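Trainee: Protein chains in written order, with the numbering used here: chain A, 1 to 314; chain B, 1 to 161.
Keep in mind that the hints are not guaranteed to be accurate.
[To be verified] Only some residues are given here: those of chain B computed to face chain A with a beta carbon under 8 Å:
| id | residue |
| --- | --- |
| 1 | GLN33 |
| 2 | THR37 |
| 3 | GLN40 |
| 4 | ALA151 |
| 5 | LYS155 |
| 6 | LYS156 |
| 7 | ASP158 |
Source of the hints: derived by calculation from the structure; they are not laboratory data. Being a predicted model, the structure only gives us computed values, none of them experimental. No residue lacks a Cβ here, since even glycine has one placed at the ideal position from N, Cα and C.
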Amino acid sequence: MQKILIFIFLFFCTNAIFAQAKKPTIMVVPSDNWCLLNGYMNHFDNQGTVVEVPNYKKALQENSDIGNVISKINGLMSERGFPLKNLESVIKSLESQSAEDNMTTSKSGADVSESPLDKLKMVSKADIIIQIGWTVVKSGFSNRITFNMQGLDAYTDKQIATAQGTGDPSSNAAIIILLQEAVLAHIDNFNASLQSHFDDLFANGREITIRIKKFNSWDGDLEKEYDGKELGSIIEEWLAKNTQAGRFSTTDATENMMFFEQVRIPMYNASKVAIDARSFCKELQKYLKAAPFSIVNKLTTKGLGQATLILGEK
Amino acid sequence: MKKYVFIIIFTVGFQQFALSQGNNPTNYNYEIQFLKTGLQGTELFKVYSYCKKEKDCIENAKVDAVKAILFKGIPGSGITAPMVNEVGAEEKYSDYFKEFLKPGGKYLNYVSISNDGSINENDRFKVGKQLKIGVIVSVQKANLRKELEAAGIVKKLDNGF
Numbered sequence: 001m002q003k004i005l006i007f008i009f010l011f012f013c014t015n016a017i018f019a020q021a022k023k024p025t026i027m028v029v030p031s032d033n034w035c036l037l038n039g040y041m042n043h044f045d046n047q048g049t050v051v052e053v054p055n056y057k058k059a060l061q062e063n064s065d066i067g068n069v070i071s072k073i074n075g076l077m078s079e080r081g082f083p084l085k086n087l088e089s090v091i092k093s094l095e096s097q098s099a100e101d102n103m104t105t106s107k108s109g110a111d112v113s114e115s116p117l118d119k120l121k122m123v124s125k126a127d128i129i130i131q132i133g134w135t136v137v138k139s140g141f142s143n144r145i146t147f148n149m150q151g152l153d154a155y156t157d158k159q160i161a162t163a164q165g166t167g168d169p170s171s172n173a174a175i176i177i178l179l180q181e182a183v184l185a186h187i188d189n190f191n192a193s194l195q196s197h198f199d200d201l202f203a204n205g206r207e208i209t210i211r212i213k214k215f216n217s218w219d220g221d222l223e224k225e226y227d228g229k230e231l232g233s234i235i236e237e238w239l240a241k242n243t244q245a246g247r248f249s250t251t252d253a254t255e256n257m258m259f260f261e262q263v264r265i266p267m268y269n270a271s272k273v274a275i276d277a278r279s280f281c282k283e284l285q286k287y288l289k290a291a292p293f294s295i296v297n298k299l300t301t302k303g304l305g306q307a308t309l310i311l312g313e314k
Numbered sequence: 001m002k003k004y005v006f007i008i009i010f011t012v013g014f015q016q017f018a019l020s021q022g023n024n025p026t027n028y029n030y031e032i033q034f035l036k037t038g039l040q041g042t043e044l045f046k047v048y049s050y051c052k053k054e055k056d057c058i059e060n061a062k063v064d065a066v067k068a069i070l071f072k073g074i075p076g077s078g079i080t081a082p083m084v085n086e087v088g089a090e091e092k093y094s095d096y097f098k099e100f101l102k103p104g105g106k107y108l109n110y111v112s113i114s115n116d117g118s119i120n121e122n123d124r125f126k127v128g129k130q131l132k133i134g135v136i137v138s139v140q141k142a143n144l145r146k147e148l149e150a151a152g153i154v155k156k157l158d159n160g161f
């Protein structure tokens with residue numbers, strides 16, 4: 001009897017865990033425009049082209065306003081039951097992780113494996129990025145703040161939430177007070193648009209992007225025919241069958257690569273287990289690996305919403 | 001005898017109708033203007049309510065401010081979209097809202113009159129046989145949202161995850 005009760009309890013617990021969809025991570029970062037205006041950009045010479053990349057660490061160390069604004073937003077989002085990743089902590093964690101990896105050796109003297117791709121992926125990231133920026137407009141003795149918050153999906157590059165506006169002029173309030181007022185004034189409208197995005201996810205499926213590529217060592221390509229059908233068309237048919245209501249767009253297609261955008265995948269699979277880009281593409285990986293295709297392939301992913309399948313090798 | 005019965009029925013019926021208008025979520029006979037974002041989680045509005053007595057106008061202003069936040073949203077404020085954004089929620093949860101918005105109801109925990117209810121002369125109008133009075137009202141929108149989340153009427157941001 002006791003065993004039956006334990007079994008029933010575990011069954012419901014498992015169902016409760018599976019019923020939760022994979023929660024996106026969100027992080028607040030200063031916008032590129034704000035970093036540029038305030039001198040927090042790194043300049044790189046990339047084969048003759050100057051590339052400017054925001055230096056978040058320098059911005060957080062030297063500008064107290066940005067730290068205060070991020071902290072205020074994080075606090076308000078926690079109150080709404082959605083704690084965010086903290087940019088400063090993520091940067092510190094990445095640095096300490098990298099130092100630990102460098103110092104870790106096995107008893108036989110072996111180092112921790114790290115491919116160039118692993119190194120490239122060691123950057124601060126989240127599924128949804130909230131970019132914030134502001135400008136202080138001076139008019140006589142008064143200051144007013146124009147504030148902008150943008151929620152961006154890290155995989156589809158779509159703006160999924162927004163709130164912006166200009167606050168009332170104030171002659172005696174410090175800039176940080178005006179900034180806090182701006183955050184308070186905009187957070188609910190921002191969250192309302194974020195909620196609409198989440199409602200859309202549950203109604204129409206998670207939106208992801210999928211890239212198909214090939215190693216040049218593979219003798220086949222996406223135009224190779226199986227039973228009179230090109231491999232590219234076979235992949236499109238698989239997507240039409242497995243996506244939510246068959247929704248996806250083929251943005252690019254050549255014999256060497258395909259790029260699918262606006263791919264809507266269900267939040268849960270048939271067994272009610274929450275899925276993301278990785279688990280969805282694992283099924284495609286299995287499909288292509290099996291007969292009659294028998295294509296060995298490698299799957300790499302980025303967060304919940306971006307997957308790349310490279311055909312020909314592991 | 002029939003005359004008296006008719007008068008009693010009419011009087012009771014009219015009283016019920018008048019009472020129901022105060023907590024009726026779909027009664028939008030008011031005007032509201034955003035003033036300022038106050039301390040954490042509060043917003044200040046000026047509400048113009050219609051009534052026969054000044055005291056009633058002040059009471060109406062409180063419930064009108066809450067109704068505007070719940071069902072309409074207020075342009076220019078921190079809540080431009082209605083807090084209750086489910087289509088048909090007013091009817092679906094009508095029992096809850098009738099109880100919540102009734103005179104002396106729970107909504108009073110989230111709204112208060114600023115300036116001790118003093119009314120500026122420029123905010124006092126006579127419209128036909130009614131008064132139109134503007135008062136400044138402070139609404140604790142963050143706590144109001146938490147109340148509705150706890151009641152299962154408004155979804156939490158992490159709902160489903």
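Trainee: Hints first: check each against the structure and report whether it holds.
Mentor: Results for each hint:
Against a cut-off of 8 Å between C-beta atoms, the interface hint on GLN33/B is violated, since the closest Cβ of chain A lies about 14 Å away. Of the supplied interface hints, the one on THR37/B holds, with its beta-carbon coming within about 4 Å of a beta-carbon of chain A, less than 8 Å. Interface restraint check for GLN40/B: the shortest CB-CB distance to chain A comes to about 6 Å, inside 8 Å, so the restraint holds. Interface restraint check: ALA151/B against chain A, minimum CB-CB distance 15 Å, threshold 8 Å, status violated.
With 8 Å as the threshold, the beta carbon of LYS155/B comes within range of chain A, its nearest partner Cβ sitting at about 7 Å, so the hint holds. Against a cut-off of 8 Å between C-beta atoms, the interface hint on LYS156/B holds, since the closest Cβ of chain A lies about 5 Å away. Hint status for ASP158/B relative to chain A: holds, with the closest Cβ pair at about 5 Å, below 8 Å.
Going down the numbered hints, you'll see the structure goes against 1 and 4, while the others check out.
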